[in-house]
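> We have chain U; now place chain R onto it with these hints.
2 protein chains.
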Amino acid sequence: MGARGLSPLGVAAIVAAERDAARPEIHDVAESLGRPLRLLSNANGPAALVQAAMPNLAEQPFIAGPVALAVAQLPVDAAAIGRARGKLAVVGLGPGAAEWMAPEARQALDNAQDIVGYETYVRMAGPFAGDQVIHASDNREELDRARHALSLAAGGRSVVVVSSGDPGIFAMGAAVLEALHGSADPAWHGIELTVMPGISAAQGAAARAGAPLGHDFCILSLSDNLKPWEVIEKRLDHAAAADLVMAFYNPISRARPWQLGRALEIVRVHRAPRTPVVLGRDVGRPAESLRVVPLGELKPDDVDMRTVVIIGSSTTTIFPRADGTAWVYTPRWYGAPPPDAGGS
Amino acid sequence: MGARGLSPLGVAAIVAAERDAARPEIHDVAESLGRPLRLLSNANGPAALVQAAMPNLAEQPFIAGPVALAVAQLPVDAAAIGRARGKLAVVGLGPGAAEWMAPEARQALDNAQDIVGYETYVRMAGPFAGDQVIHASDNREELDRARHALSLAAGGRSVVVVSSGDPGIFAMGAAVLEALHGSADPAWHGIELTVMPGISAAQGAAARAGAPLGHDFCILSLSDNLKPWEVIEKRLDHAAAADLVMAFYNPISRARPWQLGRALEIVRVHRAPRTPVVLGRDVGRPAESLRVVPLGELKPDDVDMRTVVIIGSSTTTIFPRADGTAWVYTPRWYGAPPPDAGGS
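If you're matching them up, the sequences are chains U and R in order. Per numbering that gives the first Met the number 0, the first sequence starts with residue 0, numbered consecutively. Per numbering that gives the first Met the number 0, the second sequence starts with residue 0, numbered consecutively.
If we strip away everything but chain U, and leave its shape as in the complex, we get (with noise of 0.2 Å):
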């Protein structure tokens, strides 16, 4: 640009072709001019980038290799070529309370132009501008929210999927990126598409109770409706012979009424009667409440589908609190403790 006399704060817009969104390269230079990033669908190669984004140019661009430089009589309104590059942010909100949404979830709900969700999800990533369009679905179809989410940031849009917990554990974030593996549309691959992590249940539950997963553990979902129930039973198995400390996500629900009981067959075979659980329902929610119970007076009916259960290990050790309650911990150390473990 030098050569040419142009200083770089004259750029109005960096235009590139919808199939070449993503390249690294691109984003460098419209980064570090400052200037927006336009996309446009139907162009390619430098020269028909050029017709396409400015059809009334005086003079003709310069051209050097993939790259053309285009200079404007008038000033160039940026928003007015091809489209924005869409982004799509999947959102964990953690297990409900505002104090434990990491900041850049909460900017990016902020942020969006568009808010894809379970409905009750939703609601609790609120409160929105009245300018952010809500897409709230009622239904848990998991794989069409993610196509919607991703169809509209293939728009140009700045959009957010909401997921409670983390979107990697147990949501959103297989969804879409299942979603995206099934499409050929380079349109929906060239979206700046981002993964934003959160607190999931148990981790909200584990702190309220004390540090139940301070060691070795596994998280292991009881719903049989996209894996067999064989499945489930051994992989119980194995985390029970294994002695890891065990969480259950959806451990019961109307339409799955005897899974758990079933699950804690399996698992008493391994564990003693005394090995303490965690019950945490609504955890970091208004209702939240908590229990500590042995495994061997455990009964399905003390659990609901809003219940996160934590089963301990051979060493999750379990001591009254002051107020009455109890810690439950599972120490760091296995086998013989070390010569100054703090525990009995």
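It is possible that part of the hints are untrue.
[As the list claims (entries may be wrong)] A few chain R residues that face chain U, going by a derived Cβ cut-off under 7 Å, partial list only:
#1 L225
#2 W228
#3 A240
#4 A325
Just so you know, these hints were derived from the structure itself, not from any lab. A quick note: this is a predicted structure, and the numbers were derived from the prediction, not measured. Backbone N, C-alpha and C define an ideal beta-carbon position, used for all residues, glycine too.
Coordinates of chain R only, in the frame set by chain U:
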């Protein structure tokens, strides 16, 4: 108080014996009156508490059961009576980036009088105000740090223990509870102890890669400092046989050079060479890097102590990103994909 012609607005302080510091009813009273709770360590029972708190009282206190109401002639300085109830918050910074730290943790750090932690994490948690006392240790003696923090809080201070990630996952949460469990000191048990969850390192690495933890998974530490290596081998074998996605913490160090290689041998018995492995190094920190390699090509030399290793299950899928790197996710389903599945 009404019966005595006194207004609740005139209450200067609620005074209680140290051994009762955690009793919920005392906090209910202090909270509903909006007045400070002060603790005395050397007096028990209402008459003794009044005598210790206000030795020069002109009038006899009203005593009703366990409660005494003492009326002073002059305004009372609550801060001069005994001490406050100490607080200890075990705080998770998340992987490193400020945008991933929960607001609750940030507020606890900002409000603490004392900050206790491993030097690196204390530095990450700052900046701190001039009147905040920093207790940064340069060693890894977790139990010593925990005891130090508990004893500061037991003296009436407001203390934070700093962990990276989630303090409940291979971090200071279990150490603090172990130290508390090992103490018979009622002052230690009387403090207000809170574990504040955070985003753990595996979650940050998973988010950058896509959603490899989108289905059943486990987190295992490969460190045999505090558990026998045979236990680790057994757990690896079960977790691999159960086809769980696995995240490894403490995968390798100078003092533990061969363990990761042995762990990979065990995993390779059960998993195909093309299984995607995510290597997230310093994710959420300035030097962040992310690699995705097939299990068959992974070498222990690709990993150092600041790397989180996430090994996919048989369903974990990889597909190209438009920027030339790869997305990794573990689908929501297992076995036969549902009719509407997105990928492959």
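> Determine for every hint whether it applies to the structure shown.
These are the hints, each one checked on the structure:
1. L225: Since the shortest Cβ distance to chain U is 4 Å, the answer is holds.
2. W228: violated (10 Å)
3. A240: holds (6 Å)
4. A325: This hint is violated: A325 of chain R lies away from chain U, its Cβ roughly 11 Å from the closest one there, beyond 7 Å.
When each numbered hint is compared with the structure, violations occur for hints 2, 4.
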